[in-house]
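If you're matching them up, the sequences are chains D, U, S and F in order.
Take any residue in the first sequence, note its place counting from 1, add 18, and you have its number in our numbering.
Take any residue in the second sequence, note its place counting from 1, add 562, and you have its number in our numbering.
Take any residue in the third sequence, note its place counting from 1, add 11, and you have its number in our numbering.
Take any residue in the fourth sequence, note its place counting from 1, add 85, and you have its number in our numbering.
It is worth saying that the hints were derived from the structure and are not from the lab.
Just so you know, not all the hints are guaranteed correct.
The list that follows gives simulated cross-link-like pairs (lysine-lysine, DSBU-like), each with its CA atoms no further than 35 Å apart [as the list claims (entries may be wrong)]:
#1 F/142 / U/743
#2 S/174 / U/794
#3 S/224 / S/101
Computed from a predicted model, the values in this text were never measured in an experiment.
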Amino acid sequence: MTVSTALELRNVIRRFGTVVAVNDVSLNVSKGEFVTLLGPSGSGKTSTLRLVGGFENLDGGSILLNGQRIDHLPAYRRDTATIFQSGALFPHKTVAENVAYGLRMRNVPKDAIMKRISESLDIVRLKGFEARYPAQLSGGQKQRVALARSLAVRPAILLFDEPLSALDLSLRLQLRAEIKRLHDELKFTAIYVTHDQGEAMAMSSRVAVMNAGAIEQIDKPETVFHSPTSEFVYTFIGESCCLPVRVTSAGIEDKKGQAVGLRLGERLAEGECRIYVRPSRLRLISEAALLPNQLTARIHFIEFLGDLYRYHLKAGALELAADHAGSIGHGVGDEIEIGWRNEDMRVFR
Amino acid sequence: MKKTFSLQKANRRNFLKGTALAVAMPAIIGRACVSTAKAAFEGESLIAVSWSGNYEQVFRETIINPFNAKYNTKAETVGGWDQIVSQIKAAPADNPPFDVTVAEEYISSSGLAENLYMKTDRSKIPNLEAVYPWFYETRPDKAKEYGIPFGGGTCMLLIRKNLGIAPDSWSLLWDERLAGKTTADSAAWWWTLSVPAVMSQLSPGLDEMYDMSTAEPLFQQLDKLKVAKWFKDGAEQANLLNQDEADAAMSYSSDAYTFMTQSPDEYTVAVPKEGASAWADWYFKVRGTKHNDLADLFMNYMLEKETQDRFLSQSLIFMARKDVTVPAHWNGYPKSNEDYHKMFQIITMDGWDKINANYQAYDDRMKQTIAKTSG
Amino acid sequence: MTDAVRIDDASYETQRTAQERRKLLAPWILMLPALVIVLVFFGIPTVYMVRMSFNLHMDQRLYVPGFTFEHYVNLFSNPLFTNAILTTIKLALVASLATVVIGYAFALLVWLKPARWRLLFIGLALAPLLISEIAIIFGWWMFFPKNGLLSYGLLSAGLIHEKISLMYTEFAAFVGLVYVTLPYCFFILLSIFDGIDKRLLEASADLGASPLKTFREVMLPLTWTGILVAFSQSFIWTMGTYATPSALGPDTLWTMGFLIQEQMLGKHNWPMASALAVVLVIGVAAVMVVTRSMQSERTSFHV
Amino acid sequence: MSDVAPRGAEPLVLKVLALAFTVFIVGYILVPILVTVAMSFNDAAMIRFPINVWSMKWYADFFGSPQWMDALENSILIAIGTAAISTTSGVLCAWAFQRFHIPFRDMWYILIMMPLFMPGVVLGLGVAIAFGGISIGGYAFYGSRELVMLAHSLWAMPLVFMLMEATFKTIDYRIVEASYDLGGGPVRTFFEVVLPLVSTGIVSSLLFAFVISLNEFVMALFLTDRDTQTLPVLMWLSLRSAGTPRLAVASVILALTVFTCLTVIMLWYIRQLRKVAR
């Protein structure tokens with residue numbers, strides 16, 4: 019444990035009946051760090067966050083905030099502040115009253131409250147909205163008020179519970195950048211829960227990928243993206259194609275036992291395995307010929323994605339997709355060559 | 563603000579009670595001295611239960627108000643009927659809901675069985691001297707020491723005038739001309755049952771009512787009634803008549819008086835020639851009353867000639883005093899103790915003891931009658 | 012801040028147990044006032060009543076302390092009481108059925124009408140709740156009989172030539188009973204309707220279903236549990252009401268509520284009245300248990 | 086083609102039916118009210134139609150009678166007390182049900198709801214017998230307004246509880262969590278966030294409890310004394326003898342008391358709604 023550790027989870031366990039929602043999770047968050055919990059729904063990320071916030075009871079392990087054990091404290095005695103998915107603004111209070119709420123609960127003097135309201139609203143660029151009621155705000159504005167409300171109490175850690183998931187795409191991108199900017203400016207400590215890897219990559223100091231109640235990998239976004247340590251992380255981050263194959267002494271077969279035209283640069287051990295490649299890293303036709311790994315496949319259909327064309331390909335029972343800028347001059351039914359580099363391929367058994 | 567006011571009222575009452583006791587001692591011993599009594603009971607309150615309805619109104623106007631004016635007291639009356647006994651019984655023994663209650667024989671009987679009333683010190687009620695002995699002659703010994711007789715009510719026959727039928731016999735209730743147009747009491751069914759008992763001269767008084775075997779023929783007589791609808795209380799009776807649902811009714815003195823005064827041209831009322839079943843209105847001090855002396859004063863006041871005259875002038879009941887002035891609207895008011903005996907057949911307290919021993923059987927039988935006689 | 016983390020296990024434990032005790036105690040502290048009211052002012056009188064139902068009734072007294080099953084035996088052997096039990100159940104069944112039908116139609120109407128009518132209708136539906144039962148009885152009393160408003164109105168309009176009366180009929184009793192229970196039914200059903208997406212109707216019509224078919228295929232299944240709950244609520248309610256049917260209905264409409272009142276006040280037979288009350292309350296409790304289980308099914312169905 | 090005709094015809098039939106039903110239901114609910122109001126202006130002593138002479142005679146009679154006015158005052162005081170007691174206890178209890186895990190939940194639920202379905206005469210007599218003799222600090226319980234309030238709460242509190250249990254289910258629980266999260270303890274959260282969120286429910290609860298108490302007469306009959314007798318008790322006693330238009334007046338006054346409260350509350354509610362809604 020170092021001086022700069024803000025939050026520490028030690029072997030945290032949370033059960034709902036027979037389901038283990040959080041399974042022996044340990045995590046350190048340093049001061050000023052922005053850690054994202056990323057995972058599909060049901061992976062335990064929200065439960066973990068709610069345990070930190072004090073909305074759920076721990077079934078095992080401990081939680082420390084600034085070196086003090088807090089897992090026995092109720093939510094209102096923890097120095098955390100949550101930004102909820104829906105904003106969870108108090109509908110009967112004005113924007114200013116919402117922001118002032120946490121300060122009043124902490125018995126901050128009145129003039130100091132006034133000052134902090136204006137500061138906080140300034141930060142989230144909502145000056146002049148003080149007297150409005152939440153019903154008079156747009157979705158994005160609501161979330162910004164929620165952010166201001168949480169920032170105003172200057173908590174030891176900010177907890178974001180999928181705050182952008184209810185917004186539409188453009189607003190989401192806008193607010194995402196805003197949170198990023200605020201973090202750069204204010205250097206607050208935060209845990210951010212999301213299932214959107216774009217958000218996770220864009221904002222985080224570190225990303226913790228969660229699966230089935232446990233953290234599969236935690237590291238910088240780039241590392242998680244480029245060097246996933248597990249099959250789950252690899253498949254969850256970024257797009258990927260899976261080629262389930264059997265390696266025999268005779269060559270490589272698909273699941274049905276038919277030989278496929280797959281030629282690999284490195285020899286694989288015999289037996290069943292899954293080869294993963296990302297559509298963006300596949301090269302087609304002439305570009306493919308230079309690469310160590312190659313596959314002959316038939317074009318199944320073609321999607322136009324704007325900047326790219328996505329070619330859906332079939333080789334025996336194997337299916338994969340490859341992106342290519344511009345047309346390659348081949349149509350549906352044509353057989354083409356695909357190639358990729360060794361470092362763009364992962365094999366899991 | 564109201565709250566503090568009522569608290570003040572209570573305090574003042576307690577205070578007055580204290581001073582009343584201290585200051586008024588000689589007055590109470592000396593009794594009957596009006597000017598001292600006035601000072602003694604000033605501001606003290608007393609609640610007397612009278613029958614609900616018109617009776618209550620007349621009671622307030624002719625007794626309560628003049629009494630308060632005379633003694634500067636705060637006497638009040640509330641109406642009551644079948645809940646009286648239960649109400650006293652349910653209340654704590656030392657804090658009854660009212661101080662004085664009206665009671666006919668049934669309420670007397672069940673209240674006495676439960677020890678809910680207090681004995682009367684005759685020496686404090688000098689006016690008892692002027693009362694018809696009939697009241698005491700129709701009471702069993704066990705009850706004679708309790709309460710005072712004030713008057714009494716009787717069953718009456720009421721018929722709509724425009725039918726041109728004079729209410730001179732109870733048999734009219736069975737008359738073809740009134741078939742499907744009569745009404746009688748199904749809640750206090752004993753009065754209804756007493757009608758055929760009054761008509762039959764088989765046994766003295768209403769004695770045949772008191773045994774299930776001899777009452778059966780009376781019930782069979784009732785089975786032949788053709789009622790429009792039975793009534794359960796005074797309001798229903800009034801509604802049946804007012805709404806033209808019924809043209810004739812077995813009614814009671816005070817209800818009948820209401821009909822007579824409210825619509826003098828509409829109904830004709832009388833005690834038929836056979837006489838009528840009746841009850842005596844006794845007034846009891848309720849056990850645990852905190853206004854014992856005032857209650858005595860009040861009960862004596864109820865028996866004063868002016869009081870009785872005032873009440874009689876606005877009612878169709880018969881009074882306890884012998885020397886009352888009979889108003890013009892009261893045709894055939896009894897003139898002597900013998901007249902009382904001839905005209906009024908009381909359901910006696912002894913009778914009540916017998917009926918009550920078999921109450922459920924009577925009630926079941928009456929419900930059969932009701933089932934048989936209603937559509 | 013602190014350089015090393017110090018976890019004082021003992022103080023943590025005491026804090027934690029204190030916190031947990033607080034958490035365990037909290038609901039009971041919150042429930043305390045309600046429980047005091049119920050346990051003290053309902054529990055104790057109920058115990059008295061149950062005890063009372065085993066007392067003797069003799070000598071013109073309201074009750075005589077003792078122990079007998081006589082009143083319960085009487086209750087289930089005397090045709091007066093057994094018939095009253097049947098009458099009560101029958102009356103409650105039919106009245107609740109009528110209440111549910113009218114309440115359903117009313118709630119449907121309010122649900123389908125534009126929102127600006129809504130407040131007005133809700134105010135209307137509240138009216139029977141807000142008016143004293145005496146006033147309601149009194150009102151129908153002046154409407155149904157020969158000299159009532161109905162007869163007078165029809166006569167003045169020349170629709171009839173002789174005064175008519177609907178007073179003191181089972182119909183009048185039903186009209187009064189339904190009037191009293193309608194609001195409860197209405198609000199339960201309205202809340203169910205409010206949980207339904209109105210676009211379902213359009214979708215169904217879009218698929219070519221006639222309104223009747225839409226009702227049968229879409230609305231009825233969606234509101235079915237609500238109907239059951241509304242029905243049982245009305246049923247419980249009508250079981251206990253006695254003043255309205257007894258004042259408006261025919262002579263022979265003897266319900267349990269009426270007999271309790273009669274035994275208690277008129278006949279001064281407190282033990283019998285108590286026995287009747289005990290049986291009535293057990294019946295009501297049984298219906299409530301069933302309703303409660305239906306309600307939990309409903310919520311689990313929705314979630 | 087063939088399905089076009091019935092599609093056009095059926096809505097018409099439905100429209101007519103809906104209109105007929107609207108007329109029916111409005112009439113049904115208003116009839117006893119209007120009849121009573123009309124009758125209260127009858128000059129005659131008897132309640133029957135037609136009304137030949139209209140007057141305010143019975144209103145003058147009502148307001149001139151100290152007995153009836155005292156009763157009205159008692160009724161209102163008791164109703165206010167009942168509303169306060171039953172709303173407080175019912176709301177807290179419903180919140181406990183919403184917020185916490187309670188062992189034997191259904192059993193408590195039924196226990197709390199039971200009194201609502203007990204006949205008034207049983208409750209009234211039972212409470213009178215059980216508590217009639219008790220006095221606290223020299224203050225006799227029997228006949229006190231407080232005892233009647235508590236007895237009326239036996240009906241009002243379960244209703245409040247039922248209403249609030251449903252109301253609490255409608256609030257977005259995350260808003261409550263947000264309050265905890267910002268440091269609001271359970272008590273402050275309850276008063277600052279939860280109560281305002283369910284203000285309509287609270288107001289309805291107050292109103293219902295007030296109305297139930299204002300209209301109840303059987304329990305009050307057994308628990309009141311000379312100083313605390315309520316208006317419906319007097320009405321009930323006079324209904325048992327001949328009915329006069331005074332009863333209609335009393336009904337109208339009772340109803341007016343309720344409707345005045347309702348109007349005030351409605352106005353408040355609409356103002357509140359304007360503030361919070363878009």
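Tested hints:
no. : hint          : result
1   : F/142 / U/743 : 33 Å, holds
2   : S/174 / U/794 : 24 Å, holds
3   : S/224 / S/101 : 31 Å, holds
Checked against the numbered hints given earlier, this structure breaks none of them.
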